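**Student:** Each chain is listed here by its residues.
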Amino acid sequence: MKILVPIKRVVDYNVRVRVKSDGSGVETEGVKMSINPFDEIALEEALRIKEAGKAEEVIVCSIGSKDCQQQLRTGLAMGADRALHVLTDDEVQPLAAARALLKLVEKEDPKIVFLGKQAIDDDCNQTGQMLAALWQRPQATFASKVDLDGEIATVTREVDAGLETLEVDLPAVLTSDLRLNEPRFVKLPDIMKAKRKPLEEIALAELGVDAGPALETTAFEPPPKRAGGRMLESVQELVDELKNKGLL
Amino acid sequence: MSEGETPEREVMEYDVIVVGAGPAGLACAMRLKQLDEALNVCVIEKAAEIGGHILSGAVIETGPLDALVEGWREDPPPICVPAASDEFRLLTKTGSRRLPTPPQQNNHGNVIVSLGAMCAWLAPKAEALGVDLFPGFAAADLAYDDNDAVRGVIIGDMGVDREGNEKDTYVQGIEIRAPITVLAEGCRGHLTKRAIGKYGLDAESDPQTYAIGMKELWKLPEGRVKPGHIQHTIGWPLPNGIYGGSFVYHLDKDRVAVGFVCGLDYQDPDFTPFEAFQQFKHHPSMHALLEGGEILSSGARALVEGGLQSLPRVEMPGAMLIGDSAGLLNVPKIKGTHQAMKSGMLAAEHIAEHRTTTGFDDALRASEIVAELNKVRNIRPGFQKGLWRGLLTAVVETVTAGKLPRTIANHADHEQYRKRNGKVFDYDYVDRDLPPRDRLASVYFASTEHDEDQPVHLKIVDPDVCFTKCEEEYGNPCTRFCPANVYEVVDDEDGKRIQINAANCVHCKTCDIADPYQVINWVTPEGGAGPNYSNL
Numbered sequence: 001m002k003i004l005v006p007i008k009r010v011v012d013y014n015v016r017v018r019v020k021s022d023g024s025g026v027e028t029e030g031v032k033m034s035i036n037p038f039d040e041i042a043l044e045e046a047l048r049i050k051e052a053g054k055a056e057e058v059i060v061c062s063i064g065s066k067d068c069q070q071q072l073r074t075g076l077a078m079g080a081d082r083a084l085h086v087l088t089d090d091e092v093q094p095l096a097a098a099r100a101l102l103k104l105v106e107k108e109d110p111k112i113v114f115l116g117k118q119a120i121d122d123d124c125n126q127t128g129q130m131l132a133a134l135w136q137r138p139q140a141t142f143a144s145k146v147d148l149d150g151e152i153a154t155v156t157r158e159v160d161a162g163l164e165t166l167e168v169d170l171p172a173v174l175t176s177d178l179r180l181n182e183p184r185f186v187k188l189p190d191i192m193k194a195k196r197k198p199l200e201e202i203a204l205a206e207l208g209v210d211a212g213p214a215l216e217t218t219a220f221e222p223p224p225k226r227a228g229g230r231m232l233e234s235v236q237e238l239v240d241e242l243k244n245k246g247l248l
Numbered sequence: 249m250s251e252g253e254t255p256e257r258e259v260m261e262y263d264v265i266v267v268g269a270g271p272a273g274l275a276c277a278m279r280l281k282q283l284d285e286a287l288n289v290c291v292i293e294k295a296a297e298i299g300g301h302i303l304s305g306a307v308i309e310t311g312p313l314d315a316l317v318e319g320w321r322e323d324p325p326p327i328c329v330p331a332a333s334d335e336f337r338l339l340t341k342t343g344s345r346r347l348p349t350p351p352q353q354n355n356h357g358n359v360i361v362s363l364g365a366m367c368a369w370l371a372p373k374a375e376a377l378g379v380d381l382f383p384g385f386a387a388a389d390l391a392y393d394d395n396d397a398v399r400g401v402i403i404g405d406m407g408v409d410r411e412g413n414e415k416d417t418y419v420q421g422i423e424i425r426a427p428i429t430v431l432a433e434g435c436r437g438h439l440t441k442r443a444i445g446k447y448g449l450d451a452e453s454d455p456q457t458y459a460i461g462m463k464e465l466w467k468l469p470e471g472r473v474k475p476g477h478i479q480h481t482i483g484w485p486l487p488n489g490i491y492g493g494s495f496v497y498h499l500d501k502d503r504v505a506v507g508f509v510c511g512l513d514y515q516d517p518d519f520t521p522f523e524a525f526q527q528f529k530h531h532p533s534m535h536a537l538l539e540g541g542e543i544l545s546s547g548a549r550a551l552v553e554g555g556l557q558s559l560p561r562v563e564m565p566g567a568m569l570i571g572d573s574a575g576l577l578n579v580p581k582i583k584g585t586h587q588a589m590k591s592g593m594l595a596a597e598h599i600a601e602h603r604t605t606t607g608f609d610d611a612l613r614a615s616e617i618v619a620e621l622n623k624v625r626n627i628r629p630g631f632q633k634g635l636w637r638g639l640l641t642a643v644v645e646t647v648t649a650g651k652l653p654r655t656i657a658n659h660a661d662h663e664q665y666r667k668r669n670g671k672v673f674d675y676d677y678v679d680r681d682l683p684p685r686d687r688l689a690s691v692y693f694a695s696t697e698h699d700e701d702q703p704v705h706l707k708i709v710d711p712d713v714c715f716t717k718c719e720e721e722y723g724n725p726c727t728r729f730c731p732a733n734v735y736e737v738v739d740d741e742d743g744k745r746i747q748i749n750a751a752n753c754v755h756c757k758t759c760d761i762a763d764p765y766q767v768i769n770w771v772t773p774e775g776g777a778g779p780n781y782s783n784l
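Chains A and B are the protein sequences, given in the same order. The numbering of the first sequence is the numbering used here, which starts it at 1 and goes up by one. The numbering of the second sequence is the numbering used here, which starts it at 249 and goes up by one.
Pulled out of the complex, with its shape left as it was, chain A reads as follows:
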């Protein structure tokens, strides 16, 4: 059984995200980029499933510019067997990503497509769900625990009311939540091994999907700056201030 793990190259979570001065997007020049942390958790889970003897192959894939290959190589160093890179320099929105992933699914025939629940750049939380719909297969999102038994996955989901447990028939789409696992550190010798693992490039145009943007972004702007605080002398002064502001 194969597991396909799509990963997205995003601005690293430690970086202070800044809006470009012309409002056309987010500054990425000279900025550290990483695998989307939720995708890394999905990859870790896929690798654990394989190491438990329940899968034969873990394939990482990514859609984007040539630079994505850094993240794919990291995925291979973590332990994925091979990588697929769908090359495009254009913006890829969730629906386009789902359509492209469906083509990879048709090509590879995986039993599980394991994604992060959302990417930390656009926070869309859509690609996994859209892929399940296009593929017409079950989905179990926000997974905090996954058990596999033959053709059935039992998935514990983190929902608003607590935990929900689902059984889904494979093939299926799973998406990871934060508490599913803690991803491993990459070992230095594995980086060398990863350089020799296969990485296949496919131009997005060759997949023959409608990848055009369905949504148009009109502008980016940073959140308004917080006004500075002020120290008050007494409780009475605080009460007066709150009354003046109409808050009391």
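Check before you lean on any hint, since a few could be wrong.
[To be verified] Per the computed footprint, the stretches of chain B lying under chain A, defined by three or more beta-carbons under 8 Å from a beta-carbon of chain A, are:
1) 379–387
2) 412–419
3) 749–759
Hints listed in this document are in silico derivations from the structure and should not be mistaken for laboratory results. Owing to the predicted nature of the structure, the values given are computational and were not obtained by experimental measurement. In this text, a Cβ means the ideal position worked out from N, Cα and C, and glycines have one as well.
Fit chain B to the supplied structure of chain A, relying on the hints for placement.
**Tutor:** Same frame as chain A, now just chain B:
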């Protein structure tokens, strides 16, 4: 394997290991592959990404780039602004006087870069030559063979908790072995420090001397930045007795690099370098430049200033020192990158020809790299007697090109503190309103990150000294010289102690240098931890 037994470390072998992917290390690795494609060369870098721990001015000479990267001007580093004009000023609190630009600081033909971005730009070129780059891995220790020669490095373990226990994610660091290890860690490298101690490399040289450099990258309102303009100042806010000054480099895209350097041989233990930097930004001329702008990133890094007198022996069995691991910065020029790159290439040429570290010390001392240091050797130590005596020495030494038969000795920085005597020096400071408000606000712009659940990487080897001696004599200067507010005195139910906020550390190494009793030892945290500098 029985319980308690350490598993054998995994070993990887190379022909040459370079520690540190800065300008020296990358130049060395690239030149090695250019000279002999068959050599297996790796570079270990503790930053998560190449360039992430690098902070420099930086106006650089382009000679070494010409020698290393063919056609680089057609594909320049991401920030690369040709030097256009130089301006050197002496500041008073409210005014300034223009001084003639020292000839060493004539920047015609040089370029202003972000050294971090330049190293990130060099990295794929090194990989294309066949160099194996390993960012995110800290060389925690040197490994030695049976003859006590360096045989490589030991990579730090990952996934160890604060108390030193293995977590679920624990991965033992491997040992990388090679006949030659090149230490290119920059100023005060922790492996270099051990090597200098073990092999007595500084037995015949003066103590190394240092400075702390702090830098902020600003984006200013349109129209204020004059790309290529290079400003340096001396004087206010530093008193006559403290060596240092500012740099302001005008970049492209309305960006300006603002920085401040203070010699760590200052005598007043109550002096705070970070505050001096922030004060400088409030000089009327600077305030007018910066007001309304925003900080993009900031950080700090110690730098070497000892020059020729403090140059240790740069070879030992199995290893050699290059760049600022050796200490090759040219202080009057305020430049070290060209020296670092040249020494890296020289080391590569030596290795390719001789396949041994033996003879590298002679080769370096016979090179133009050390000749350059010789010429200016008395200028920085001339400032030991204050700004005015220093300027006079600088003029004499510049006119005579260092040919006078004298060499002024360097003294260890940490021995220069005078004990507190109840008098507090008044620094003639102003009220501040530009960001950052304090050191914690500044660290935010360094994007520094350390997993809190790991051993503290700043070790106070004798904590008793802090409150039996240091507090009374010097008032715990660690709480002031650290630009990231790592050291705090707390006094609670557990008693009085130095609290170490290791997660704030920006790896500048100042504490390892400047603590008066030399009880602070900087060791590597988990690989990949530390600042994530962008374009510094």
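**Student:** Taking each numbered hint in turn, which are not upheld by the structure, reported in ascending numerical order?
**Tutor:** 3
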